[in-house]
Amino acid sequence: MRTLTKLDDLAASETADLDPTSARSRETQRGRIEGDGPQARAAESQASVSHRHAQAHESAVKHVTGRAAYIDDLKAPADCLHLALALSPVAHGRLTRLDLAKVRAMPGVVDAVGFADVPGHTDIGPVFPGDPIFVEEEISYAGQVLFAVAAESHRAAREAVSAALAQRIAEIDERPASLDPVVAAERGEFVRPTHVQQSGDWERALADAAHVIEAEQFVGGQEHFYLEGQACLVQPTEDEGVIVHTSNQHPSETQKLVAEVLGIPFHAVTVEVRRMGGGFGGKETQASPWACIAALIARRTGRTTRIRLPRAEDMRVTGKRHPFNNRYRLGIDEAGVIQGGEITVIGDCGYSPDLSEAIVDRAMFHSDNAYSLGEARVTGHRARTHTASNTAFRGFGGPQGMMAIEAAMDDIARRIGEDPLTVRKRNLYRVDRQMTHYGQQVDQIDLLHELVERLEASSDYWTRRRAIADFNAESPVIKRGLALTPVKFGISFTAKHLNQAGALLHVYTDGSVQINHGGTEMGQGLHTKICQVVARELGLDTDRVRITATRTDKVPNTSPTAASSGADLNGQAARDACVRLKERLFDFAHDFLHTEQGLERETMRLEAGHLVAGQGESERRIPWGELVQSAYLGRISLSEKGFYATPLIHYDRNVGQGRPFYYYAFGAAVAEVSVDTLTGEYQVDRVDILHDVGDSLNPAIDIGQVEGGFIQGMGWLTSEELKWNDAGQLISDGPATYKIPTFGDLPPVFNVELLEGHPNSMASIYRSKAVGEPPFMLAISVWSALRDALASLADYRESPRLDTPATPERVLLAAETLRARHAPGMTSQEKAP
Amino acid sequence: MIDFLLNGQRRQCAVSPDTSVLELLRDTLGQTGTKEGCASGDCGACTVAIGETGPEGQVNYHSTNACITPAHQLQGRQLVTVEGLAQGDALHPAQAAMVACHGSQCGFCTPGIVMSLFTLHEAQRGERQIPSPLTPQRLEAALGGNLCRCTGYRPIRDAALTMSEHPERRPQWLDAAAPQPTASSSDAPFAQPETLAELVELRRRHPEARLVAGATDLWLEVTQRLTRFERLIDVTRVAELNAIEATTLGDGRHGWWIGASVTYSRLEPLLEERFEPFAHLLHRLGSAQIRNRGTLGGNIANASPIGDTPPVLLTLGSRLWLAGPDGERELPLDDFFLGYKQTALREGEVIRAIFLPHPDPQRHLAVWKLSKRREDDISAVLGAFSWRLEDGVMRDVRLAFGGMAATPKRARATEAALECQAPTRAAFETARLALGDDFQPMSDVRGSAQYRQLSATNLLERLRLTIMQGETDSPREVMLHAYAH
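Protein sequences appear in the order of chains A and B.
The numbers in the first sequence follow the numbering used here, run straight up by one, and end at 1190.
The numbers in the second sequence follow the numbering used here, run straight up by one, and end at 585.
Where hints are given, some of them may not hold.
In silico EDC-like cross-links for lysine to aspartate or glutamate, where the CA-CA straight-line distance does not exceed 16 Å [claimed, not checked]: (1) Lys432(A) x Asp127(B); (2) Lys419(A) x Glu183(B); (3) Lys441(B) x Asp317(B).
I should point out that these hints are in silico values taken from the structure, not numbers from a laboratory.
Being a predicted model, the structure only gives us computed values, none of them experimental.
Same shape as in the complex, but just chain B:
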């Protein structure tokens, strides 16, 4: 039984572990305003807002794709759908602006777009003192996860820019605290442990159960492959896995332990402040709806060869803090990926946290993702490059690629070719040849082997030009603005 507020109304529903929020809404509750466009979290037609009560009692809303959100995760939350926003005939500003700007044509994506605008509006509301401008980047972040096949987006952009001019009509219940959930029994089919000890114990007792956090990948097994999950263990409420803690490792490196359940959205401010190139990558990882749900731990544990963050973390020398029935241990990320979707996790072991080192002011980082579409696309090739320049010579060169092998992988031969070399054309020519030894990529729907090899090689040239930037003869622009931020 889950207990939550739907548009301010308390609801208690019995749902199975693999019921999605969208199924709950449409099939059980008859609320059909929220649409299914793809059932894979890629189109945004099913966007709803989930409110969580923050430390000061305020409710913060974030957008999510209802089609791949487990209904059980509504426990103790506010769920807001498109049906809830208008008060009688009085439209919410997000709705009024969409009408005024002719932002709907066929109208099928519109409920999702309205909900993304709603969460943007709520975010703006929360920053009344120091309102952040609606920059193109911010609008893209807010709306990049909502596909519209009719309008071409211009009127939707206008609606976003003008909704604050419409009369503020905000349902009072948006500020209501959701019901305090009664702690679910640890043997519930959808277990929601709150401590690491509980999690490890559950994992030991139910080795067959799958772990779920943001469900952004796991739920595709339900919607696309019709997998039935009899038992799931939700890691999103485990305190230790939600922490971001400053730390100093045994080797003296300072940094942070990022809890494995920390979402991309929570990570974004830290990366924006400390690792701009990494933050830029995050902005292109999925959509707001996905970033609000997906976790760093999930991206690593999933061990996909085209996960976006592992190559970056490899170049940063990241480590993992693992916890299991036999205790806890640390493992360099370099030793984690063993083969296609194979990891060094032992039976019953979970990722507790990921070490992110403090940025070294001497150390450079570049992260370049190549995909067919700039927003909300999966990499064909992702290159992450880290190096220091000492007396005109490259040192501690760490290069890692996604999409080039069965796992995210360091380019060891290429690194060796550049180590202790000046960034000359000759050195990079050697590196270019070495890259051919490091990788033999494959062809798939996202790109041919030829394209992967060629573009990855050309990223080395971009790297050289980037290092040389500011030198005479070097081009002023080495990459496109749209991709540079």
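This is chain A alone, in the form it adopts within the complex:
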């Protein structure tokens, strides 16, 4: 007979506040998940849960003690094999000979595999074909994988690759590489067809406008620089399959690709992700190739196989944030309000489609940012070049699209002689200009205006603007700049089918709870938030809820953890599982517990470790553990799965119209900078941020996302410079040459606040909002402030071109250009006193 655990120690305290309004009917519980209209917020009072809201990351103690295990920390059998990759040194060419037999015969080499050794699919393109697992013949970028070598140690494998390449076992016929996306676009070299969104008569709007502003810009790419590089560990199973441990944002896709490469059914492959040491989009599609290659070796040798990419290889072989070339031609009225026009964005996709279709779409969807474009046409090209296939990165094209319109805002201000903030405010979406160029109505317009105005006041924008003007008038070398930029970011996968999620909830007979869901943890606190959701639904402390590694055999067919959607989708799925289980427990309790007095079904709720029924004198309380054990003995299932699909969203790509986003997240930032116009050096003096996360699920985690996203965005626009040589080889391939922000880049004054009092107008999980990506774009304020400082050299009559990243070099060259134009014949030396 099964013995149940004694529950004496496990019953939660009964002292927590009881909120009478928390009773809710089954209908509203279901409705809050599926409905779309404004509804009452979760009734739990803020005061009673605030300590739980800001709770620490579920792995925090493991992080600080070194006990949190990443892929390369996992113990493997002593005969584990290690892989190294041979990468193409040329950007374009043909592989004319590959002698892997010779490699296999080299000392220390256990196996070597190339294109010809793949039993199943050889194309591992995630959405569209185009990504060969190994080079067959055509070489499309420097860094493309020619073959892989397995050896007894990591170093032995790397040495074998070096030796093999030195012995010229691969022969390559090099061809000229295409590295310029603009040239590629002019030649019609695209990885996907061009897409257009159009609203109204944009040509007439331009023709009738009081002024037309026109410019182009280059927006640089960005290396993800997740601290944990790409890594996986693959164990062969006793049948035809594998178990894959991987640092990966999209386990289900890796499962699919590994199965296809091996030519086996999906059910033979299990993919597990406990945590990533950072993802940022770089492990959405680009974690799969290594899993496929390691799985191939594991099946060929029957041995556990490990691969981790050394940093320089990781940077050369994987795609990055897309560089963009943007052009805009906008008609404005006398007040600087956009009447219409056209914006063209060219995304440099690298050699294959990867996710570029959706990424350039998102750039187009965000080329308005928070401003109405009026009657506009937005065109997006997907240029093919001989570089690594560029991929998802926090913001997913949105930041690059926004850069066009934020540049235009500054340009308009200089043209009409107004402050850029004035121009931005005039152009914000408003009640009579509420429709985007792709046909979605912008909701929560009041919130947007309130947010900008509150930040304008709290940051003391106008006082500082005057102080800066005075300072600049007196200071020939050091110039200060200030800018406020807003963010409006659309939340949902634009590929509609991805907006679904599943969860698996187990309650054990000691009352402990295990939750599993399809999302992955990359540091963003998703698992912490999900534990909070479950604890809240079940009325338990979060320490009774344990989350386990994401596994494709627990929750199948999942979407990537991407598009900021992790908590929105998986939180709702976890909640759905909880609600279903609760219903079952309530029905059971009603029918079988305290039958002498009877428990009132309608008022049943789970609170503070108890099932509570009735109010006041008639209230009955059953400890959670007792309830669970009774249910078990009553043969009631204590396991439940949950599911969620985002309602309402649709987008018709044929006409470029629809409602691709469930809702928008908003924010704004004010940045102040000082620029040394002799050297181009600059410093960020102060940053103020006000950001909208609806009703926060966890303010500490959300603040962490806002701050971290901002600093990462600042790096993208300032110091992080990707450089390739003329042969198409990446030469910024390590932290010595690729400079992400470091401790000293934290602005000395950094005021970050979450906007309070504005729950999501859509029925998201507890009226919260997605927070992963939107804050990234707050950093555009730093770039705009740099431009503002530079514009002072032209007495604010000209908006300098400042491509990104705005390195000291670019800032200095922009300053020199302005000085040459506005003080003809004068060098920087003569201009200074």
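Once you have looked at the hints, place chain B on chain A.
Then chain B, alone, in the frame of chain A:
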């Protein structure tokens, strides 16, 4: 066989000359708390603390990047890793503060950050009598070598500022003396000579062996280029190379002989007291982990065109004390750099010490480094400027640049253009043109030739404005605060 304490536990391990501390920890000892982020000493994820027993028996801890630290250098030391700090469930203040401040997100950089906080905490502990405040500069020095891609650093700053408020829980073994190493045989593949004579003799016997000190550059050959070192000669324990001695040269100049193995960290207090602009440069050279290991001798012998200290030493009129099989000699630093990574060192010769002259109160020094990122970055251009002003005229003008030629190099034509001139706009215009004769820089990942030439030229303008500072009409601010200290 190396003999050391790992988190208080005595360990004896056989390692090859080119095994790093990180490989020893992760691959041999199965201690995977310490992470590899870059294997090039640039990200700090592998930060550990190494304790050395000081003269009074106290153990002093400094942070280092395990990925580029030779395991052999643990000999007779304490090694502390993130696994060692907590006692059961009781977290060390550095850990407790990180949890309380939400200082970890993905957690991969966290062990390294905890270890940098630990060494900061130890340093604060050592100064209980006169605690130094945690100024922004001090925090930057402590944490500038730890990249975090998730948090944006604010919560890490808060953790640093509040860790002293957490209960002091310090493992007792931190004060334990490490085992006395048995002297390694002079023919060991990783030889650790203790005298200059031994070093010179080893060098003579093994001309193929590479010298290693901080390994901050040498080890990249192991991790990035997979070089195998069969034999290394470690100069870090050579007594003569670790000395800082006051001296008077034959030409009557007073100053110090700085031993070639003296680390930047050891040099920092002297420079802070005597050469503030040089000290400011040192604060921007690498990170704490690098400064704790890198040496002045290494920076010179490496002869990189973008080494940070050579241009400064050139303007200061530094000299080298060389020792070799044929005896010892002195050489002006001006004569040392012959070409790209080529030096005047003869076969078997080593740098024993570097002469740093006493600061001349009449003499000015300015050192300006231009890089993409302020902290822990390599110069695109570095300008070092030294001059005297006599009766309104510049004299003994010495200007040297890094990043502008194949070696660190004096700008002789520019110097000549300014020598005996008043700092007028006209004089500097001539100098500006002369700089174009002195240098034809190249384009690389750190900057274009155009940027290098333009910014170096503009540094001359900054120099003029600096000299003119305080005069009427001169701007109050000629450079940014963040770069001025």
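Holds or violated: Lys419(A) to Glu183(B), with C-alpha atoms at most 16 Å apart: holds, 10 Å
Are the Cα atoms of Lys441(B) and Asp317(B) separated by 16 Å or less? Given pair Lys441(B), Asp317(B) holds - Cα atoms ~13 Å apart, limit 16 Å.
Holds or violated: Lys432(A) with Asp127(B), Cα cutoff 16 Å? Since the Cα atoms of Lys432(A) and Asp127(B) sit roughly 10 Å apart, the hinted pair holds (cutoff 16 Å).
Consistency note: the structure conflicts with none of the earlier hints.
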